[in-house]
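> Sequence:
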Amino acid sequence: MAALLLVILMAMRFVGSATALSNAYTVGRLERDLQSGKVVDAALTPYADTPTGSAEVLLKDGSRKKLYATDIREVEKLLRKNHVDPQINEVKDDNWMFSILVPGLIGVAALVFIVMLISNNQNAQSGNSRMMNFGRSRARIANPEDNKVTLKDVAGLQEEKEQLAEIIAFLKSPAKFTRVGARIPKGVLLEGSPGTGKTLLAKAIAGEAGVPFFTISGSDFVEMFVGVGASRVRDLFADAKKNAPCIVFIDEIDAVARRRGTGMGGGHDEREQTLNQLLVEMDGFGVNEGIIVLAATNRVDILDPAILRPGRFDRKITVSRPDIGGREEILQVHARNKPLSEDVDLKQVAQTTAGFTGADLENLLNESAIHAAMQNHTYISQADIRKAFVQVGIGTEKHSRIISEEEKKITAYHEAGHAILFHVLPDVGPVYTVSIIPTGLGAAGYTMPLPEKDEMFVTRSKMLEEIMVSLGGRIAEEIIFGDITTGASSDIQKATKQAHNMVTRYGMSLKIGTVNYDDQEEDVFIGYEIGHAKKNSELVQGQIDQEVKNIIDACYHKAKELILEYEDVLHKSAELLLEKEKIGREEFEALFEGHEEKLQASEMIPKA
897 MAALLLVILM
907 AMRFVGSATA
917 LSNAYTVGRL
927 ERDLQSGKVV
937 DAALTPYADT
947 PTGSAEVLLK
957 DGSRKKLYAT
967 DIREVEKLLR
977 KNHVDPQINE
987 VKDDNWMFSI
997 LVPGLIGVAA
1007 LVFIVMLISN
1017 NQNAQSGNSR
1027 MMNFGRSRAR
1037 IANPEDNKVT
1047 LKDVAGLQEE
1057 KEQLAEIIAF
1067 LKSPAKFTRV
1077 GARIPKGVLL
1087 EGSPGTGKTL
1097 LAKAIAGEAG
1107 VPFFTISGSD
1117 FVEMFVGVGA
1127 SRVRDLFADA
1137 KKNAPCIVFI
1147 DEIDAVARRR
1157 GTGMGGGHDE
1167 REQTLNQLLV
1177 EMDGFGVNEG
1187 IIVLAATNRV
1197 DILDPAILRP
1207 GRFDRKITVS
1217 RPDIGGREEI
1227 LQVHARNKPL
1237 SEDVDLKQVA
1247 QTTAGFTGAD
1257 LENLLNESAI
1267 HAAMQNHTYI
1277 SQADIRKAFV
1287 QVGIGTEKHS
1297 RIISEEEKKI
1307 TAYHEAGHAI
1317 LFHVLPDVGP
1327 VYTVSIIPTG
1337 LGAAGYTMPL
1347 PEKDEMFVTR
1357 SKMLEEIMVS
1367 LGGRIAEEII
1377 FGDITTGASS
1387 DIQKATKQAH
1397 NMVTRYGMSL
1407 KIGTVNYDDQ
1417 EEDVFIGYEI
1427 GHAKKNSELV
1437 QGQIDQEVKN
1447 IIDACYHKAK
1457 ELILEYEDVL
1467 HKSAELLLEK
1477 EKIGREEFEA
1487 LFEGHEEKLQ
1497 ASEMIPKA
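Residues in the sequence shown are numbered from 897 upward in steps of one, following the working numbering.
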């Protein structure tokens, strides 16, 4: 590489020299300037051992010209003939570098370059050249002895593991299935939210079956050069056939298998060529070759229909967020190497972490361990877990941020408005923590609820209550200060999105009816959207906007009625927050003494 760079530099040197010489000041031009009296002075520099040399000429206009002569003595005679007495500089003796050393270096560099070229050509033929391996697969292979992950390391996914038991059995003893003419699924698609354990589950299947495990990301197939992705797909399956039986795991397959016709490059889109090759390979290898393709995605809605059909991905397994029992199992797995104090109750932690994925729970215990270490604790306590729970959900609290007393007061009443509605409304769960300490996410304070149960779906009444809770902070500001702030911007955005989904996606509007008007569900790509017109007319869109506003207005008025009814609790909550900056569930619920009789749930739902 160094030799090649030297050759290029020398070539540039000589090209530059050639260019300079083509535009140089010549002896002929000197003679004309001498005849016209333009030359004022000159300095000659002869070279050693040769008659060559250079001359620097000063003209009347102040410019200096330099020329190179093959016989410097002729130039001297020409100057003296025209009555110019030149200055003779010392003989220049460094010309040997360019006359002897440079040609030698060029010869050596050329020889080294030729040797490197031959070496690279041999490496390309043997498959070791990086440049020639550009189209090779980037999949990483884990041999059975290297993959230590088994199904014992996967907690909270009992049903998913049962569905994949047949895959493991086939990889261990394929003859049992082929003997009765059974065809094992060629591909299994694992679909679920980020962090639910799709990758871990695939790795555990390979570890349990004791077969090689090829893993690659969908983005590893795609490059800017046309044809590279398809070449890598072919190479991946060629390697898999050599190591069969095996598992090929493609993580984030939506990067390469998204629906065709969504890009702006037409049929020549590199992604489409890669997908086409993937479709061919999954259809191409035989039933008994022992290659099973596992893929993971959290965007199954954007995948091409061709890859989802039977014969390619025969089975689609949804990896859901764990329920309370699954969360407890996951916590026990991640707590194996962590010292827990006696007051830690993992079942209670599982109850308070509804909606958490396996990755969330692992992060929760890790943050708890970090907090315990920072406090020089030898064990992780329940207090450490509570601290980590707030940090994971809300962000790091900024105790050092300076806030004026007026802003603290506004924040206290704002958060108290949210908290009162969380407590009073029956379907949105109790309050876990209320704080007016700024967070790392930019909020001036926060109110964190505590879901008491897992839910598969949400009722219309609960969605309306969630909108009311979102508007509670703005309502409290209006009641107490007679003015409003920008602090409710994210709350208003959340409430508006909730109301819009109720009208357009879930058919929960009494006026619009049970119709889906959601345009965004299918048009997830610009290229696809260009070829498909919007299905909502201007009239319908106007009705949707009006109904969204009606829902927001109804929730606002009903929430305001409730907060006014509990105005004494509003003041007491704000005062306690200004005193302590953060209050827990027990302290907050104690403020409702004298309000034990709650309104009927039907009386709290706004007429929207």
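Honestly, the hints are just simulated from the structure, not real lab data. The reader is advised that the hints may include incorrect statements.
[Claimed, not checked] Each computed EDC-like pair below joins lysine to aspartate or glutamate, with the alpha-carbon atoms no more than 16 Å apart: (1) K1445 x E1483; (2) K962 x E927; (3) K1082 x D1210.
> Each of the hints needs a verdict: does it hold here or not?
Outcome of the hint check:
no. : hint          : in the structure
1   : K1445 x E1483 : violated, 36 Å
2   : K962 x E927   : holds, 14 Å
3   : K1082 x D1210 : holds, 7 Å
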